[in-house]
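J.: Given chain A's structure and the hints, the job is docking chain B with the ligands onto it.
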Amino acid sequence: MKKPRLVVVGNGMAGIRTLEELLKLVPDMYDITVFGAEPHPNYNRILLSPVLAGEQAFEDIVLNPLEWYADNGIRLHLGKQVVRIDRVHRKVVADDGTEAEYDRLLLATGSMPFILPIPGKDLQGVIGYRDIHDTQAMIEAARVKKHAVVIGGGLLGLEAANGLKLRGMDVTVVHLAGWLLERQLDPVAAQLLQKSLAERGLGFRLNTSTTEIIGNDAGEAVGVRFSDGTELPADLVVMAVGIRPNATLAQEAGIHCDRGVVVNDTLQTYDPRVYAVGECANHRGIAYGLVAPLFEQAKICANHLAQYGIGIYKGSVSSTKLKVTGIDLFSAGNFMGGEGCEDIVLSDPAGGVYKRLVVQGDRLVGACLYGDTEDGGWYLKLLKDATPIDDRRDQLIFGETALGEAGTSGQSRAATMADGDEVCGCNGVCKGTIVKAISEQGLFTVDEVKKQTKAASSCGSCTGLVEQILMNCLGSNFQETPKTKAVCGCTSHTHAEVRQAIREHRLLSHAQAYAFMEWRTPNGCATCRPAINYYLVSTWPHEAVDDPQSRLVNERVHANIQKDGTYSVVPQMKGGVTNPSELRRIADVADKFAIPMVKVTGGQRIDLLGVKKEDLVEVWKDLGMKSGHAYGKSIRTVKTCVGSEFCRFGTQNSTQMGIDLETMLANMWSPHKVKLAVSGCPRNCAESGIKDVGIIAVDSGWEIHVGGNGGIKTEVARFLCKVRNADEVKEYTGAFLQLYREEAYYLDRTVHYIERVGLDYVKQRVVEDATNRRALFERLLYALEGLPDPWAERIAGSRRREYEPLRIDARLVAVEG
Amino acid sequence: MARHTGWIRICVLDDIPALGARVLAQDGGTDIALFRTADDRVFAVADRCPHKGGPLSQGLVAGDTVTCPLHNWTIGLESGEACAPDVGCVRRYPVRMEGDEVWLSMAAPA
Ligand code: SRM
Ligand SMILES: Cc1cc2nc3c(=O)[nH]c(=O)nc-3n(C[C@H](O)[C@H](O)[C@H](O)COP(=O)(O)OP(=O)(O)OC[C@H]3O[C@@H](n4cnc5c(N)ncnc54)[C@H](O)[C@@H]3O)c2cc1C
Ligand code: SF4
Ligand code: FES
Chain A
1 MKKPRLVVVG
11 NGMAGIRTLE
21 ELLKLVPDMY
31 DITVFGAEPH
41 PNYNRILLSP
51 VLAGEQAFED
61 IVLNPLEWYA
71 DNGIRLHLGK
81 QVVRIDRVHR
91 KVVADDGTEA
101 EYDRLLLATG
111 SMPFILPIPG
121 KDLQGVIGYR
131 DIHDTQAMIE
141 AARVKKHAVV
151 IGGGLLGLEA
161 ANGLKLRGMD
171 VTVVHLAGWL
181 LERQLDPVAA
191 QLLQKSLAER
201 GLGFRLNTST
211 TEIIGNDAGE
221 AVGVRFSDGT
231 ELPADLVVMA
241 VGIRPNATLA
251 QEAGIHCDRG
261 VVVNDTLQTY
271 DPRVYAVGEC
281 ANHRGIAYGL
291 VAPLFEQAKI
301 CANHLAQYGI
311 GIYKGSVSST
321 KLKVTGIDLF
331 SAGNFMGGEG
341 CEDIVLSDPA
351 GGVYKRLVVQ
361 GDRLVGACLY
371 GDTEDGGWYL
381 KLLKDATPID
391 DRRDQLIFGE
401 TALGEAGTSG
411 QSRAATMADG
421 DEVCGCNGVC
431 KGTIVKAISE
441 QGLFTVDEVK
451 KQTKAASSCG
461 SCTGLVEQIL
471 MNCLGSNFQE
481 TPKTKAVCGC
491 TSHTHAEVRQ
501 AIREHRLLSH
511 AQAYAFMEWR
521 TPNGCATCRP
531 AINYYLVSTW
541 PHEAVDDPQS
551 RLVNERVHAN
561 IQKDGTYSVV
571 PQMKGGVTNP
581 SELRRIADVA
591 DKFAIPMVKV
601 TGGQRIDLLG
611 VKKEDLVEVW
621 KDLGMKSGHA
631 YGKSIRTVKT
641 CVGSEFCRFG
651 TQNSTQMGID
661 LETMLANMWS
671 PHKVKLAVSG
681 CPRNCAESGI
691 KDVGIIAVDS
701 GWEIHVGGNG
711 GIKTEVARFL
721 CKVRNADEVK
731 EYTGAFLQLY
741 REEAYYLDRT
751 VHYIERVGLD
761 YVKQRVVEDA
771 TNRRALFERL
781 LYALEGLPDP
791 WAERIAGSRR
801 REYEPLRIDA
811 RLVAVEG
Chain B
1 MARHTGWIRI
11 CVLDDIPALG
21 ARVLAQDGGT
31 DIALFRTADD
41 RVFAVADRCP
51 HKGGPLSQGL
61 VAGDTVTCPL
71 HNWTIGLESG
81 EACAPDVGCV
91 RRYPVRMEGD
101 EVWLSMAAPA
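So the sequences go chain by chain: A and B.
Take the first sequence: its position 811, counted from the start at 1, is 811 in UniProt numbering, and no numbers get skipped.
Take the second sequence: its position 21, counted from the start at 1, is 21 in UniProt numbering, and no numbers get skipped.
Chain A extracted, bound-state conformation (with noise of 0.2 Å):
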C-alpha cells in the first residue's frame, strides 16, 4: 500500500523537531518530503549568537547533516521556498516549480524580522537578525566596516551588538524603551546589564526612536538619523525590533491567520490536514519566540501526526536568557508585578547582584534575575506549578538552598534539586530523568548526557547544572571513569576487578586482557584502552607489551596536541634550574623553527608552543634537552624554592633536593600526572602544599605532606610523616608513588586515591611498615631501571613514521583512459 505523503515547509528548529518526534513514535507511517528556503541542513538557530561572537563555527551547530534526511528517508529540497499551497489538489509549489503532494501538510515557516518601514531600509548594509547568511553578512561587515548601529535593545538585538563589538566593531545600541530588554527585566536589573556591557565598550541610546537611515550615493548605509535630529555614523545597521511569524503562505491559501497560523491544541489548523508549529503559529492568541514551547508543540504535534491522539498542547510558561558570555540575567514570568502584587527585592549593586520576586496572593508569579542566577529555575517552578508560598514566603528571595529544605543546604543546586526539577528549559530534561540515565546507563560525561537526555543539548546554558548533576551522581571525579562502575561499555568489570585479573593470572598483552576478561568490543575503545594499557605496564614492568596505539595522542607522540594539531615541547628542567646554554639552546631553537610562543610554565620550566608535528624530533635534537613528560599521565615537575644555598630563611638544600627526586623519577608512568615540590621552610615558596608529594624542610628534617592537588578542586597535601635526611626523603616519597602506581585506578589523582583507601592505610603501608616500605621503593626502582628518555629513543630514529606524513609520489599516480 502506498504511504501516506507527508510534506514539510520550513527546514527550521520546529518543523525538523516535529519529524523527529515524529519517526521515534512511528519511523515508516509516512512518505516525507520536506523544503527548506535556506541553503543549508537543519542548525540550532539560537547558537548564531555564538557564532557572531566567533565562540562557535557553523559546522557546530549543524543539528541534523544531511545524512540524517538521507538515513530517514526524507526527500530534502534545500534552496527552495513554497511560493503556494493548493488546497484543493493536495499540493504545494516551489519557487522553482518544484510540486509535492501531500496528505498531510506542516507548516513550520518560522519568522521574519520586522524592518521599520523608514526611508532608507533597504539600503545597503542593512539587516535583520535572522539566519546563518545574515550572521555571516554581520561577520564579513564587521571585517572591512567600522560602525555599526544595532536599532533595538531586546535579546537580539544585544546579542547582535555584543557579538559586532567582539568583532571589533564600533557599536550602539538604540532602543525606544527607557530601558534594555524591557520585555525581560525591571529598570533596575537592566541598568545593572546596561552598566556590563557598557563596561565592555557598547555605547547605548536609549529613549530614542529612528527615522531614517542616510545612505549615500552608492546605495549604501552611511548613518541613522533620531527623531531629536541627531545622527550617528553607521555603515552596518542591524534591525531587531521584532519578529513576525511568517504566515503569508497560508493566508494567501486561505487558511486563517491572525498573527501567526490559528492553531488549535491539537496544532491542527482550520483545514484539517494541515498542521502548523513554531513561530509561524498562533495558539491560543501566542505566537512564541523560543524554542522551549516550540518543542513542546512538536512533540504534541508529532503524536496527532502519528495518529496515536493522545495530548493537548495548553500554551507554555517559558523563562528567558541572555546569551552573552559573562552575563547572567534570568526573567520569567510577570515580573514587573502591578496592581494586586507585592515585590520582594535583594539589591546589591555594587556587588552587580539584583533579584526581584514578584508575588500575588500566595503565589510566586514573576522573578527578575541579575547577576546571580542560580535559582532561576527553582523560581520557575515554583512559577509553573503555582506552589503555594506562604511558609517559606520570608527566606525565598535567598534561594532554594537558603530554605535547607532537603537538609543540604550550603551544596551545590543541583543536589538540592528535586527531580522532578527542570534542569533543561529547551528540552523540557528533569534531573529525575538525567539521574536516572546516569546510573542506569553508566553514564560519566556531560556528552552522554547530552545524547541520552538530550538535556543542555541545545543553549547549553544548563550544561553547568548538568555537569553539578554528573558530579553528585559520580563524585568529585566526574569526568573520569567512575570507580565502582564498569571501567566503560566494552566490559561489565570494574577498575579494580581488572588490576586483579592482570596481577593474578600474568596477563601481559592487551589481546591476552580482553580474552581473558571476555571484553565485549574486539580492541576496547578510547576509555578502557588507556587504562588497560597503564595497567599492565605498571603491573608487569619490563614484561609486559607498552602499546603505542593505546595510548592517547600526547603520550603516543611525546608532546602535548593544541587546538590547532600543531604541539608543545616543554624539555626537563629538574627544579626549575637552567643555565645559560640551555637557555641559548632554547632560543636557536625557537628562531629555527620559527617557534609562535616561548611560555614559562606554572611548573618553573620552559615551554615551546605551536610546534608542527613534522618537526618535533629535528626540536628535540636541536635542544639536546629530555623530555619533560609534560603531556603524559606520568612524573611532571618537582618544583622547588632556592633554599639554604642563598636563601636567608632556608633551612636544607630545597633545590638539589628536588633535583635528586626529580632524576630518581624520571620517565614514571603513573595513573595520573604527578607533581612535587620541595620548599626551604615552612613559608613554602614552593607550593608543597598542593602537590602529590610536598616536602617541606624544617631545621631538623624534612617533612613529606601527600595527596595535594591544585587543579580542578584544591586539595592540600596531608601530613604523612617527617624524615631526617635526603635518603629517607627519597625513600618515603618513591614508597608512596609506588602504593599508589600499584593500587590507584588510572585517572585518580592522588588525593582520590588516597580518599579511597584512606590515610591511615596509606601510613601503616609506607611508614609503620619499614619493610614494606622498601620493598616498594625497591619496586620502584626496578620499575623505573633501565627506562629510555622517550625523545633520545625518537631521534635515534624510532617510531619515525608516527611523525613523517606520507606523500604522494607523482610518478605513482596511475592514469588509465
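Keep in mind the hints are simulated off the structure, nothing from the lab.
Don't be surprised by glycine CBs; every beta carbon is placed ideally from N, CA and C.
The reader is advised that the hints may include incorrect statements.
[To be verified] Computed Cβ-Cβ distance ranges for the label pairs, DEER-style:
(1) A18(B) / G97(A): 50 to 56 Å
(2) V12(B) / E374(A): 55 to 61 Å
(3) K612(A) / E98(B): 29 to 35 Å
(4) L13(B) / K612(A): 24 to 30 Å
(5) V12(B) / E728(A): 54 to 60 Å
(6) E374(A) / L13(B): 53 to 59 Å
(7) A18(B) / A775(A): 35 to 41 Å
(8) A18(B) / E728(A): 45 to 51 Å
(9) A18(B) / G79(A): 40 to 46 Å
[Said to hold, decoys possible] Straight-line C-alpha distance at most 27 Å; calculated DSS-like pairs for lysine-lysine:
(10) K195(A) / K323(A)
(11) K612(A) / K52(B)
(12) K52(B) / K3(A)
(13) K713(A) / K673(A)
(14) K485(A) / K323(A)
(15) K121(A) / K91(A)
(16) K323(A) / K563(A)
(17) K673(A) / K485(A)
(18) K713(A) / K563(A)
(19) K485(A) / K314(A)
(20) K3(A) / K436(A)
(21) K52(B) / K599(A)
(22) K52(B) / K314(A)
(23) K451(A) / K52(B)
(24) K626(A) / K599(A)
(25) K626(A) / K713(A)
(26) K612(A) / K599(A)
(27) K381(A) / K451(A)
(28) K321(A) / K52(B)
(29) K673(A) / K763(A)
(30) K52(B) / K91(A)
[What the hints assert, rightly or not] If you want a taste of the chain B side facing chain A, the calculated C-beta under 8 Å gives, among others:
(31) L13
(32) D15
(33) L19
(34) A84
T.: What follows is chain B with the ligands alone, placed relative to chain A:
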C-alpha cells in the same frame, strides 16, 4: 592492469600501524587521514574533525571508529559520521587494496 582514473597508490599496508593512522599530506588542502583497523581494513577520511577541526589521524582507533584527540568525538570510519550524541560528518575517500598496496581515489567522496 587497468585502473580507474584518479586511483593513486599511496603506500603499503605496513606503512600504517594496525589500530593506527598515517597522514597523507595535501599541500594547500585538507590532509587526509588513513586508518588501519585490527583486521587490516583501511579507511581514508579528511583529517579534520567535524567538531572543531581536530586532526583525526592523531586519535585512538578502536573497532572501525576513531576518537578525536581534542574533545573525544568518535567518528565511524566507514560512514564518516560522528557517533551520537554528536552530529557531524567528515568527508570520506574510497580506498582499495591491491595485494598489500593501498590505493586511494580523490575523484569523488565515497
Ligand atoms: C603548560 C601549563 C600551563 C602554563 O603555561 O603554565 C599547563 C598546561 C595544561 N594543563 Fe595544566 N598546565 C600547567 C600547570 C598546571 C598546574 C600548576 C603546577 O603544576 O604547579 C596545575 C595545578 C596543579 C595540579 O595539577 O594539581 C595544572 C592543572 C591541570 C589540570 C587539573 C588536574 C587535576 O587533577 O585537577 C588539568 C586537567 C587534567 O590533567 O586532566 C591540566 C591540563 C593541562 C593541559 C595538558 C590540557 C590538555 O589536556 O591539553 C594543558 C596543555 C596546554 C597545551 O596546549 O599545551 N592542568 N596544570 C603548565 C605546565 C606545567 C609544566 O611545566 O609541566
Ligand atoms: C540570533 C537568534 C538567537 C536566538 N536565541 C534564542 C535563545 O537563546 N533561546 C530560545 O529559546 N530561542 C532563541 N531564538 C529563537 C529560536 O531560534 C526560534 O524560536 C526557533 O528557531 C523557531 O523555530 P521555527 O522552526 O519556528 O523557525 P525557524 O527555525 O526559523 O525555521 C523556519 C525555516 O523555514 C524556512 N521557510 C520559511 N518559509 C518557507 C517557505 N515558504 N518555503 C520553504 N522554507 C521556508 C526558513 O527559511 C527557515 O529555515 C533565537 C533566534 C535567533 C535568530
Ligand atoms: S588552565 Fe590549563 S587546561 Fe586550562 S586553558 Fe590554561 S593551560 Fe589549558
Ligand atoms: S575537534 Fe574533534 S572532538 Fe573537538
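J.: Going through the numbered hints above, which ones does this structure break? Give me the numbers in ascending order.
T.: 12, 14, 15, 19, 20, 22, 25, 30, 31
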